[in-house]
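S.K.: Residue numbers (my numbering), protein chains in the order written: chain G, 1 to 190; chain B, 1001 to 1519.
Mixed in with the good hints there might be a few duds.
As the list claims (entries may be wrong) - Listed below are the simulated DSBU-like cross-link pairs for lysine-lysine, each with C-alpha atoms no more than 35 Å apart in a straight line:
| hint | chain 1 | residue 1 | chain 2 | residue 2 |
| --- | --- | --- | --- | --- |
| 1 | B | K1225 | B | K1250 |
| 2 | B | K1254 | B | K1225 |
| 3 | B | K1102 | B | K1290 |
| 4 | G | K149 | B | K1102 |
| 5 | B | K1385 | B | K1250 |
| 6 | B | K1250 | B | K1287 |
| 7 | G | K149 | B | K1225 |
| 8 | B | K1297 | G | K114 |
| 9 | G | K114 | B | K1292 |
| 10 | B | K1297 | B | K1102 |
| 11 | B | K1254 | B | K1297 |
| 12 | B | K1385 | B | K1102 |
| 13 | B | K1250 | G | K149 |
| 14 | B | K1297 | B | K1287 |
| 15 | B | K1292 | B | K1254 |
FYI, nobody ran anything at the bench for these hints, they're computed from the structure.
Note that the structure is a prediction, hence the values are computed from the model and not measured.
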Amino acid sequence: MTSTDPTPATGTVLDADPTAVDREPAGLRGRIGELVFAVLVLALGVFALIGVFSIRVPAGARVGPTVFPMVVAALLLAAGVALVVKVLRGDLGEAEESEDLDTSQSTDWLTLGKIAVLVLAHMFLVPIIGWAFAAAILFGGVAWSLGAKRWWSALLVGLAVGLVVQIVFGELLGLSLPLGPALGWLGDLI
Amino acid sequence: MENINLLMEGFGNALQPQYLIFAFLGVFVGTAVGVLPGIGPAMTVALLLPLTYTLDPTAALITFAGIYYGGMYGGSTTSILLNTPGESASIVTAIEGNKMAKAGRGAAALATAAIGSFIAGTIATIGLTLLAPVIARVAVSLGPADYVALIVIAFITVGALLGSSVWRGLASLGIGLFLGLVGTEVLSGQQRYTMGLLPLADGIDVVLVAVGLFAVGETLYVAAKLRHGPVELIPVTGSWRSWMSRQDFKRSWKPWLRGTAIGFPIGTIPAGGADVATFISYATERKLSKHKEEFGKGAIEGVAGPESANNAAAAGVLVPLLTLGLPTTATAAIILSAFQSYGIQPGPQLLTNQPQLVWALIASLYIGNVLLIILNLPLVGMWVKLLQIPRPYLYAGILTFACFGAYAVNFATTDILILLLIGVLGYFLRRYGYPVAPLVVGMILGPMGEAQLRRALQLSQGELTTLISSPFSASAYLVLALLVVGGVWLRRRQARYERMLAAEVDQIDTVEDSPRQTV
């Protein structure tokens, strides 16, 4: 609990700011994530700057392909430094508001992990079992992770969505969505 | 006069049955998706982009225009009937509209929003019709240095002025510019930041970034803290004909027109963004209203004005987009990428090279507005039902469509991985209060800015003063300086204003709630 100045550096916040209490971090722990993100912005700037030297400049080009990357690297470096300083001083960002959001809850990393794994699984499954079934698993899995009451009905809805998209976009409109072994006959039909 | 003929020709095109069907499909799907909670206009446009992949350019752009306008209409329904605002442009609508709905006047709020959107949309489209050819004619004489000036203005306003934190906006812009750099550089054929990876050699597709940031990022963001339990929805009762009383009309028509007058010009300048327009409109209505005491408790002017401003700004944004090729909002950036995927480059040449396409598009905006008022007044009950979709299914659907959209870009599964990575980035941007729009705008405008910059410097043989020596660019930078000063002032006012409002609304809530609790 370091006693940092609660007023952000910009100094525009009035005393009666009702949200100031909520945004006050729980010491360093509360801002470690944001600090890491700010450092990553800085790191991207460093990466962009180092990357400039590996771009080959064709002979004779007065304004070559490295000019703009240098500008971008400078912008990222400046923003990264400014943000690290800001976060260290306790000036944190305001998390975006959204419908359906219960801001009093703590972050549910397990659900986030499940969704990420499901998207990765979808990526691998599309060429193997066809788009419709891969989509059904993605839809059903995500709905289940988010707390859908019956997992099988989520899966059925997902299957319906997958099949409709596959037939309308894949077969009727001609997007080449893989049919997979189970629906291979559909391709010959239409 | 010539323009009127061209517009009539455009109508002749857009009114052909097959295009009419696409216009209807566009507004229908656009409204449906725009109504869905958690989906703002930018996400609507990004998610629905794949729908147009298989159409011919005219049909695709007509559908797209419908989606764009439809998403705007749909968003207002959501903010009035759900008790938390989503996108920033709807915050003021949500304040007054939601209070009206709670007081049993939800129908009047929906009606004034829909009619206001129609009037503003139509007048602003007329503005677009008149203004676009004029600006295009001026724009033909602009040199590369002038374009650099315009793009710098767009960067600074979108990146630094519109968000709540200057440095977070600039960081987001920088990330977008960096993503725009990845790939093979056009002029010299050199690979930049590809790390030798083949999928990156062609660059990262803008659609992936837009869908990843908006759809996947938002899904992850909501999934982390999903509000469980039933959806609190305020029912709308009565027939739509009796929704607005004579008194409501009397109080609404001036705000409709004022909102239009505020929204359209703000949309056209590259300092756009509907949220600025809605805020100014709200402040104006509050100042001018004879019913000041109702503000914060559900004043109809506070819905009519900002909603009109919102839609007028949406049409205004199309002016720089079509005539200069300059997107000033995230939504416009996605629309620009849709144009580009058909090999169409918006800009001063567009009106002379592809007049048929442009005028059919503009005509379809008029048609779309008429279709939308029909869809949104009598049929609003149907859209309201969409708000009750169980959230697990809603977000599962968004994510599935996002993966579909990403895959449909190139039919490469590696794109789904890139989509996920960008989605994770979007999650952390939201979590730590970084605005997303500068990233999308930066990624689209970055390569254009670089090309113009190099062209300008090539012409001047590396002399940097060329960037500010033309009268146009010099005055553009002067305007930029004024915008920065004005923007800082406006933002301080806006922040103070919002806090004051929030405090007032809280106060009213506690006063209203306390007697009920004692009963």
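S.K.: Work down the list of hints and note, for each, if the structure agrees.
M.R.: Now the hints, each set against the structure:
Annotation: proposed proximity of K1225/B to K1250/B is violated, straight-line Cα distance about 43 Å (limit 35 Å). Only pairs whose Cα atoms come within 35 Å are accepted, and K1254/B paired with K1225/B is rejected, the gap being roughly 41 Å. Between the alpha carbons of K1102/B and K1290/B the distance comes to roughly 22 Å, so the proposed pair stays at or under 35 Å and holds. Using a Cα cut-off of 35 Å, the hinted pair K149/G and K1102/B holds, with the two alpha carbons roughly 29 Å apart.
Note on K1385/B and K1250/B: the hinted pairing holds, with a Cα-Cα distance of about 30 Å set against a maximum of 35 Å. Simply put, K1250/B and K1287/B have alpha-carbon atoms about 17 Å apart, close enough for the 35 Å limit, and the pair holds. Only pairs whose Cα atoms come within 35 Å are accepted, and K149/G paired with K1225/B is accepted, the gap being roughly 18 Å. At roughly 42 Å between alpha-carbon atoms, K1297/B and K114/G are farther apart than 35 Å, so this suggested pair is violated.
Distance check on the hinted pair: K114/G and K1292/B sit about 50 Å apart at the alpha-carbon level, beyond 35 Å; violated. The suggested pairing of K1297/B with K1102/B holds, with an alpha-carbon distance near 9 Å, which does not exceed 35 Å. With a CA separation close to 20 Å, the supplied pair K1254/B and K1297/B stays within the 35 Å bound. For the hint pairing K1385/B with K1102/B, the CA-to-CA distance comes to about 18 Å; that is within 35 Å, so the pair holds.
A threshold of 35 Å between alpha carbons decides the hint, and for K1250/B with K149/G the separation of about 48 Å lies outside it, so the pair is violated. With a CA separation close to 15 Å, the supplied pair K1297/B and K1287/B stays within the 35 Å bound. Between K1292/B and K1254/B the alpha-carbon distance is near 15 Å, which keeps this suggested pair within the 35 Å criterion.
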